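Engineer: Residue numbers (this note's numbering), protein chains in the order written: chain A, 1 to 288; chain B, 289 to 569.
Treat the hints as calculated values from the structure; they're not laboratory data.
Because the structure is a prediction, the values reported are computed rather than measured.
One or more hints might be untrue.
Stated by the list, open to error - To give an idea of the interface, some chain B residues facing chain A are shown, with a C-beta separation under 8 Å as derived from the structure: (1) P323; (2) A356; (3) G357; (4) W390; (5) P393; (6) V394; (7) A405; (8) A435; (9) L442; (10) G444; (11) I483; (12) L518.
What the hints assert, rightly or not - Computed spacing ranges between beta-carbons, pair by pair: (13) A:G108 with B:G430: 46 to 54 Å; (14) B:L387 with A:G153: 21 to 29 Å; (15) A:R286 with B:E424: 32 to 40 Å; (16) A:G47 with B:E365: 45 to 53 Å; (17) B:G491 with A:V274: 37 to 45 Å.
Unchecked claim - If the Cβ cut is set under 10 Å, some of the chain B residues that face chain A in the computed set are: (18) A324; (19) I388; (20) D416; (21) R419; (22) H423; (23) Q531.
Where is the CB? At the ideal position from N, CA and C, for every residue including glycine.
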Amino acid sequence: MATMWKAAMASWLLEPLGFEFMQRGLWVAVVVGIVCALVGCYIVLRGMAFLGDALAHAILPGLAVGYLASAGERVSLFWWALGTAVLTSLGIGALTRGGRLKQDTAIGIVFAGMFALGIALISTIRSYAVDLSHFLFGNILGVTTSDVWMTTGVSLAVFFVILAFYKEFLVLSFDPLLATTLRLPARWLEILLSILTAVAIVVSLQTVGVALVAAMLVTPAATASLLTRNLRAMMLLSSLIAAGSGIIGLYISFYFNVASGAAIVLTCTAVFAVVWFWWQFRNSARRA
Amino acid sequence: MLPPLFSRRQSAHTHPTGRFALELRHLRVQFNGRPALEDLSLQIEPGLRVAVVGPNGAGKSTLFNVLAGALAPTAGEARVHGHLPAQYLCLAYVPQSSLIDWHFPVSVEDVVMMGRAGRLGLLRWPADLDRRLVHESLKRVGISQLAHRPINELSGGQKQRMFIARALAQQADLLLLDEPLAGLDIPSQEQILQILDTLHDQGITVLVATHDLDLAAEHFDRILLLNQKLIAYGTHTEVLTAQNLAQAYGGHMQAVETKEGKLLIGDMGGHHGHDVEGRHG
Chain A
1 MATMWKAAMA SWLLEPLGFE FMQRGLWVAV VVGIVCALVG CYIVLRGMAF
51 LGDALAHAIL PGLAVGYLAS AGERVSLFWW ALGTAVLTSL GIGALTRGGR
101 LKQDTAIGIV FAGMFALGIA LISTIRSYAV DLSHFLFGNI LGVTTSDVWM
151 TTGVSLAVFF VILAFYKEFL VLSFDPLLAT TLRLPARWLE ILLSILTAVA
201 IVVSLQTVGV ALVAAMLVTP AATASLLTRN LRAMMLLSSL IAAGSGIIGL
251 YISFYFNVAS GAAIVLTCTA VFAVVWFWWQ FRNSARRA
Chain B
289 MLPPLFSRRQ SAHTHPTGRF ALELRHLRVQ FNGRPALEDL SLQIEPGLRV
339 AVVGPNGAGK STLFNVLAGA LAPTAGEARV HGHLPAQYLC LAYVPQSSLI
389 DWHFPVSVED VVMMGRAGRL GLLRWPADLD RRLVHESLKR VGISQLAHRP
439 INELSGGQKQ RMFIARALAQ QADLLLLDEP LAGLDIPSQE QILQILDTLH
489 DQGITVLVAT HDLDLAAEHF DRILLLNQKL IAYGTHTEVL TAQNLAQAYG
539 GHMQAVETKE GKLLIGDMGG HHGHDVEGRH G
């Protein structure tokens, strides 16, 4: 009985791996999950979740124009999206300088305007609407071999930048005035961190899409923040949660025919919910 | 001029030059056309303990931000040991406790190690030298045993001591503390003041923003009385006169001579709200 059950379980787990598109999809989901989780730790600690969501939506016009310019060629679409994201974050920075507009106000204006521009562009080009919807909701099962290489390469680059600037980003996030008195190039570090956010968003487009990227940035990191009081442990846990959710989400997508991006994000959310209730329970037990 | 980013910094800016720890020349700061500091000129000699006092909105934090190099003056100039503030490395500040996210996932040791990040340079990891300095700094403020604690488990006094340790790890010779004694109980205040005394013995210049005129008079070499303009700078007997206090606090604060000495009476107009602020002889 037990062996039969084991065999059934094994074939249930192994069956999707027989498909090459699932192998590629799983690899990309894990890699992208880890990148978003690492960048997300800084986003959660700095209270910048809204910026992440805004950047994700703001790249839509870049994707639309890039799609027209390159006839849907993936590598150039990546650069169009990244360029738009970086320009958007610089634009938000420029609007807030001088202190007349608060940051969340500036983000709201730029993000809604850019997203509207994206929708307007797509609506005029009907034939592209289907392809572009992949960027809205993700299409992880359409990942090609060249996508795999590019995602992996870019993700490795993000990983090494975070490793190299670990202590600077830590100072900047914990105490920006300390970064100034230590004479660190605080402005450049801010820009570098928003570029990393932009890169993480762009590489996740294929897995979860514009509409759900914010969840990949925020949810695993927030879950990890409830579990540990150590930044390195938080980054590790956050990565594990994101990678695990990517794998589980894709299996759910495979067997229950749910959209892959939604399945991954819902898995992350479920993990968060479990941890949240455990955390509440533990705190009330401590108080009692 | 850019500091050498990728190597340990040992530039000229770590060595004090000039006679004064701090020199302000006609310093003026405006926010959206409204003045925050006006025509501030002042010289502070190295190694003094200076209390910066004045009502809420007097510009104490603004002054500290200029000295820290985070805020460029609208006009005039500030010099720290002869250097422009944004170029001077041996300066540390202790932030107002309320401005820090105490749930940030770092330990006491991590925070003190942050003080080393400026000297280390980019792309470098802490070496034995840095770890030793962090360890010694924690020992000097008496919280070695808390090194591995998450920061949200600290008491108010321990939090302040952690930030002073961070300033020591920065190897600062000018230390700015923004309301370090606010909200602390008397024993914790005493501990902080004792630590400031040991810094004084090492020739470190200390500027402390405080609301407490009594403590300022008792524990500091000089008092800087500020209300957008410089009202007075000197020893407490020179500064805490009825006339100066009336000028700074707009009649809400008076010095009354009694048999026991000078009694300061007033309401601070802000969150303190005591009637009798303190007494000193």
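Engineer: Please go over all the hints and tell whether each is borne out by the structure.
Structural biologist: For each hint, the structure was consulted:
The criterion of a C-beta within 8 Å of any C-beta in chain A is not met by P323 of chain B, whose closest approach is roughly 16 Å, and the hint is violated. Annotation: A356 of chain B was flagged as interfacial toward chain A, and the flag holds, the nearest CB pair being 5 Å apart, inside 8 Å. Because the closest C-beta pair between G357 of chain B and chain A is about 6 Å apart, less than 8 Å, the hint holds. The beta carbon of W390 of chain B comes no nearer than 11 Å to any beta carbon in chain A, farther than 8 Å, and the hint placing it at the interface is violated.
Taking 8 Å as the C-beta contact cut-off toward chain A, the hint placing P393 of chain B at the interface holds, the least distance being around 5 Å. Annotation: interface hint on V394 of chain B holds; nearest CB of chain A at approximately 6 Å, less than 8 Å. Evaluation of the A405 of chain B hint against chain A yields a held restraint, the C-beta minimum of about 5 Å falling below 8 Å. Because the smallest distance between the Cβ of A435 of chain B and any Cβ of chain A comes to about 13 Å, over 8 Å, the interface hint for this residue is violated.
With a cut of 8 Å, the hint placing L442 of chain B at the interface with chain A is violated, because the nearest CB-to-CB distance is about 12 Å. The beta carbon of G444 of chain B comes no nearer than 17 Å to any beta carbon in chain A, farther than 8 Å, and the hint placing it at the interface is violated. Below 8 Å, beta-carbon pairs count as interface contacts, and I483 of chain B has none with chain A, the closest being about 19 Å; its hint is therefore violated. The beta carbon of L518 of chain B is not positioned within 8 Å of any beta carbon in chain A (closest approach about 24 Å), and the interface hint is therefore violated.
Taking 46 to 54 Å as the suggested C-beta distance range, the pair G108 of chain A and G430 of chain B conforms, at roughly 48 Å. Checked against the hint of 21 to 29 Å, the C-beta distance between L387 of chain B and G153 of chain A comes to roughly 40 Å, which is inconsistent with it. Range check, R286 of chain A to E424 of chain B: Cβ separation about 35 Å, and the 32 to 40 Å hint holds. With their beta carbons about 35 Å apart, G47 of chain A and E365 of chain B fall outside the hinted range of 45 to 53 Å.
In this structure, G491 of chain B and V274 of chain A break the distance hint of 37 to 45 Å, their C-beta atoms being roughly 56 Å apart. At a threshold of 10 Å, the smallest CB-CB gap from A324 of chain B to chain A is about 13 Å, leaving the interface hint violated. Because the smallest distance between the Cβ of I388 of chain B and any Cβ of chain A comes to about 7 Å, under 10 Å, the interface hint for this residue holds. Nearest Cβ of chain A to the Cβ of D416 of chain B: about 16 Å, over the 10 Å cut. The hint is violated.
Taken as an interface hint, R419 of chain B does not check out: its beta carbon lies about 13 Å from the nearest beta carbon of chain A, beyond 10 Å. Proximity of H423 of chain B to chain A is violated relative to the hint, the smallest CB-CB distance being about 18 Å (cut-off 10 Å). For Q531 of chain B, the interface hint is violated, since its Cβ never comes within 10 Å of a Cβ in chain A; the closest pair sits about 35 Å apart.
Checked against the numbered hints above, the structure breaks hints 1, 4, 8, 9, 10, 11, 12, 14, 16, 17, 18, 20, 21, 22, 23 and satisfies the rest.
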